[in-house]
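J.: Chains A and B, in that order, are what the protein sequence lines are. Here the first sequence stands for residues 1 to 411, numbered as in this note's numbering. Here the second sequence stands for residues 1 to 411, numbered as in this note's numbering.
Please keep in mind that the hints were generated in silico from the structure rather than gathered at the bench. These numbers come from a predicted model, not from an experiment. Careful: at least some of the hints might be erroneous.
Taking beta-carbon pairs under 7 Å as the criterion, some of the chain A residues facing chain B (in silico) [what the hints assert, rightly or not]:
#  : residue
1  : 249
2  : 253
3  : 256
4  : 259
5  : 285
6  : 288
7  : 317
8  : 375
9  : 376
10 : 379
11 : 387
12 : 390
Note that the Cβ used here is the ideal one computed from N, Cα and C, for glycine as well.
2 protein chains.
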Amino acid sequence: MNIVGVIVEYNPFHNGHAYHLKKAREETGADLVIAVMSGNFLQRGEPALLSKWARAEMALKGGVDIVFELPYQFAVQKAETFAKGAVEILYKAGCNSICFGSESGSTANFHATLRYIKKHNQLFQQQIKHHIEKGVSYPKAMSLAFQDLPFDEEIVDLSKPNNILGFQYMKAIDDHGFDMKVYTIKRKNADYHDEHFSSQTIASATSIRKALFSEKNEMAQIKQYVPDHTFQLLTQYKNEFGQLHSWENYWPYLRYKLLQTNQEELKAIYEVEEGLENRLISYALYADSFKDFMKKIKTKRYTWTRLQRTCVHILTNAKKSDMKQPKASYLRLLGMTEKGRHYLNKFKHQSDIPIVSKLSPFYNNQIELDIRSSRVYSLGAGLAFQTKLLQTEFHHPPIYLSQKQTDSFPN
Amino acid sequence: MNIVGVIVEYNPFHNGHAYHLKKAREETGADLVIAVMSGNFLQRGEPALLSKWARAEMALKGGVDIVFELPYQFAVQKAETFAKGAVEILYKAGCNSICFGSESGSTANFHATLRYIKKHNQLFQQQIKHHIEKGVSYPKAMSLAFQDLPFDEEIVDLSKPNNILGFQYMKAIDDHGFDMKVYTIKRKNADYHDEHFSSQTIASATSIRKALFSEKNEMAQIKQYVPDHTFQLLTQYKNEFGQLHSWENYWPYLRYKLLQTNQEELKAIYEVEEGLENRLISYALYADSFKDFMKKIKTKRYTWTRLQRTCVHILTNAKKSDMKQPKASYLRLLGMTEKGRHYLNKFKHQSDIPIVSKLSPFYNNQIELDIRSSRVYSLGAGLAFQTKLLQTEFHHPPIYLSQKQTDSFPN
Chain A
1 MNIVGVIVEY
11 NPFHNGHAYH
21 LKKAREETGA
31 DLVIAVMSGN
41 FLQRGEPALL
51 SKWARAEMAL
61 KGGVDIVFEL
71 PYQFAVQKAE
81 TFAKGAVEIL
91 YKAGCNSICF
101 GSESGSTANF
111 HATLRYIKKH
121 NQLFQQQIKH
131 HIEKGVSYPK
141 AMSLAFQDLP
151 FDEEIVDLSK
161 PNNILGFQYM
171 KAIDDHGFDM
181 KVYTIKRKNA
191 DYHDEHFSSQ
201 TIASATSIRK
211 ALFSEKNEMA
221 QIKQYVPDHT
231 FQLLTQYKNE
241 FGQLHSWENY
251 WPYLRYKLLQ
261 TNQEELKAIY
271 EVEEGLENRL
281 ISYALYADSF
291 KDFMKKIKTK
301 RYTWTRLQRT
311 CVHILTNAKK
321 SDMKQPKASY
331 LRLLGMTEKG
341 RHYLNKFKHQ
351 SDIPIVSKLS
361 PFYNNQIELD
371 IRSSRVYSLG
381 AGLAFQTKLL
391 QTEFHHPPIY
401 LSQKQTDSFP
411 N
Chain B
1 MNIVGVIVEY
11 NPFHNGHAYH
21 LKKAREETGA
31 DLVIAVMSGN
41 FLQRGEPALL
51 SKWARAEMAL
61 KGGVDIVFEL
71 PYQFAVQKAE
81 TFAKGAVEIL
91 YKAGCNSICF
101 GSESGSTANF
111 HATLRYIKKH
121 NQLFQQQIKH
131 HIEKGVSYPK
141 AMSLAFQDLP
151 FDEEIVDLSK
161 PNNILGFQYM
171 KAIDDHGFDM
181 KVYTIKRKNA
191 DYHDEHFSSQ
201 TIASATSIRK
211 ALFSEKNEMA
221 QIKQYVPDHT
231 FQLLTQYKNE
241 FGQLHSWENY
251 WPYLRYKLLQ
261 TNQEELKAIY
271 EVEEGLENRL
281 ISYALYADSF
291 KDFMKKIKTK
301 RYTWTRLQRT
311 CVHILTNAKK
321 SDMKQPKASY
331 LRLLGMTEKG
341 RHYLNKFKHQ
351 SDIPIVSKLS
361 PFYNNQIELD
371 IRSSRVYSLG
381 AGLAFQTKLL
391 QTEFHHPPIY
401 LSQKQTDSFP
411 N
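Bound-form chain A, shown alone (with noise of 0.2 Å):
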């Protein structure tokens, strides 16, 4: 059987996400598709719009046949670490290729990176080390130490974003040394970080976003760049849990974590290094906002995204203990078609790792911090919702359609 999986956040699922979906279908002549969709906390440190169900649906009415949940251990990590973990679930959930969107769009520019830079790796590395040691943070440092690298015309730009990802996705399946095979589409139109809307039909998730949390707050600004299931998903939630997370909602807890800390405890939390402990604290004193909060904290030495990323840590509470050398040990899910169900009602007898479809049965050390964080997250719906949020944890089932819901799609 050919399945192919992908690696995705739906942070909302817009036109972009169903393009990828359908050329990945195209181009890799799959029968199945199954993703790997990060929980209620993303990997750039932020919470999720919609708790991790809502995307799941949009995720299976998109195209998706299984979702599965990639652990908090490697969700809110740095892309390396997130990239081999959402590797090593789609293995182990039968793939034998992933299909990821890029600036490139090269499969064989991509190969070319990946032998370039093991050739080049020592020069690499010393690069890389010799740029942080100048005070910029790690990502912005590869992004240097690779121009520094000998010119070389097949290799794929590595200070764009989702060829960072694709390339991180491709070193993490040659380290593990799975036997996969790699498709990338070139993203259409939209830069990863747009603010703005630039075509009739597709925008990042990031302008989306912002609109969502525009002043006006108008919903009908986003109708045209996401399928009318997201559109419908999004209405949904906001009547049923009051409101769409964001940091904001969540800064009075974390304010309120760090102001009854202490400093010994602070550094306990995994990613809170090097001084960093006291001068959150001390600025959660004076910050009015998240944003206000994030402004203030900011250095040079760390980017924006790793900042967040430790606000996330802190808020749940998230140890060094917690996140060390993670490996998947479970495949929780989230949601499946019908066609999916087929493919799983098969494939849990061969699986080598349990397939959580209800958590009370399974526990472990991976899968405490995925409830931990679902918990801290529920306190981000409007008040009179959060115990309605929490309760899902545990007793939501994976989301469901059949093959006629499925067939109903217009593509």
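Chain A is already provided as a structure; the job is to place chain B on it using the hints.
T.: Here is chain B on its own, set in the frame of chain A:
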């Protein structure tokens, strides 16, 4: 110099307190009144309605000359520890007497009770143990054990809340071996726990707080039970910090804290004993308000106030290691009249512990808890006012009332 000490919370200051201060001056003939006042969190395990600064101002305007803060280590404690700390602070501040309100009103009977309990101590302790083993709370066991003792008509009824506190003050003076005279004034009209107004001018603080948080929120209702300055300060505080403080303001933080912690961390918190941590964590998932939470966790074994204090310790992250064998190590000055200042100018040279009127030059583990709890307390102000309230802990100077201001008081 004849100085009387009073032990107060003023939550808020009302006519009963004014009456007590007037009688205390009359009976003791004191030249100066020093109050030791709980800070932002109170003995019954509740946040104070208004910050310690506002309540210190009420105290000065009500007739107190100097207000010192009772450190958190003593303030949020059972009666015995509370009394020990309060009496120690007053003694170290130079008081040669204390005067407390009680249901009994007879100083002679309090002395008789102290002698009586000392005489029957073995039996008394045995009976306390006996009742605790039957599963009742400590205060309940003490009250029952007291009733088991041979009858003596001179002793005071230790089932009454103010009698219990008074008895603990006397016991603390006796234990410490302090040379301090004791006076008690019979409380007028209102019972401590009264929830309803029953007199024309005297009402319990409980009934006043109830009126302040009633749905109608009618400030006018309380006007006849409090001095004008209390009424003004309450109104002013609401304007300045958005709202009065109640447990419900802190419920989201307590819930968050419980949802992101683990059992080991929770067991390190003061007063979290005997599997209480599991109970607290599981009910945090289901309770929609603090009141709802308290009702769910309440058992016969613990009193309501004991559980509320435990919740305060969780909220402020007060650990077992933070709360060990407290001894007063400073006098934190919250306010003084001109007369109070004259006294302190001389007294400061002979005090054997520092008088802290500015936080920055002084620091130890005991005051660290006062600071930390004040920071947490600030998060109970209206969202837009929290940063302002946070600043007061370090930047608010002691309240000062000049001779001219105190001279203008009606009584």
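J.: Just to be careful: measuring from the Cβ of residue 376 of chain A to every Cβ in chain B, is the smallest value less than 7 Å?
T.: Since chain B brings a Cβ to about 5 Å from residue 376 of chain A, closer than 7 Å, the hint holds.
J.: Is the hint on residue 285 of chain A kept, meaning its closest Cβ partner in chain B is under 7 Å away?
T.: Holds, because the Cβ-Cβ distance from residue 285 of chain A to chain B comes to roughly 5 Å (cut-off 7 Å).
J.: Return the status of the interface hint for residue 256 of chain A: holds when the least beta-carbon distance to chain B is below 7 Å, violated otherwise.
T.: 5 Å, holds
J.: Take the shortest C-beta to C-beta distance between residue 387 of chain A and chain B; is it under 7 Å?
T.: 5 Å, holds
J.: Is the shortest C-beta separation between residue 288 of chain A and chain B less than 7 Å?
T.: 5 Å, holds
J.: Taking the closest Cβ pair, is residue 249 of chain A under 7 Å from chain B?
T.: Nearest chain B Cβ about 11 Å off; hint violated.
J.: How about residue 317 of chain A: closest beta carbon in chain B under 7 Å, or not?
T.: Nearest chain B Cβ about 4 Å off; hint holds.
J.: Per the CB criterion, is residue 390 of chain A less than 7 Å away from chain B?
T.: With a closest approach of 6 Å, the residue 390 of chain A hint holds.
J.: Mind checking the CB of residue 375 of chain A against every CB in chain B and telling me if the closest is under 7 Å?
T.: 4 Å, holds
J.: Taking the least C-beta to C-beta distance, is residue 259 of chain A closer than 7 Å to chain B?
T.: 4 Å, holds
J.: Hint validation: residue 379 of chain A versus chain B, beta carbon distance must be below 7 Å. Holds or violated?
T.: Check passed: Cβ of residue 379 of chain A comes within 6 Å of chain B, closer than 7 Å.
J.: Under 7 Å, Cβ to Cβ, is where residue 253 of chain A needs to be relative to chain B, so tell me if that hint holds or is violated.
T.: 5 Å, holds
Hint violations for this structure: number 1 only, all remaining hints satisfied.
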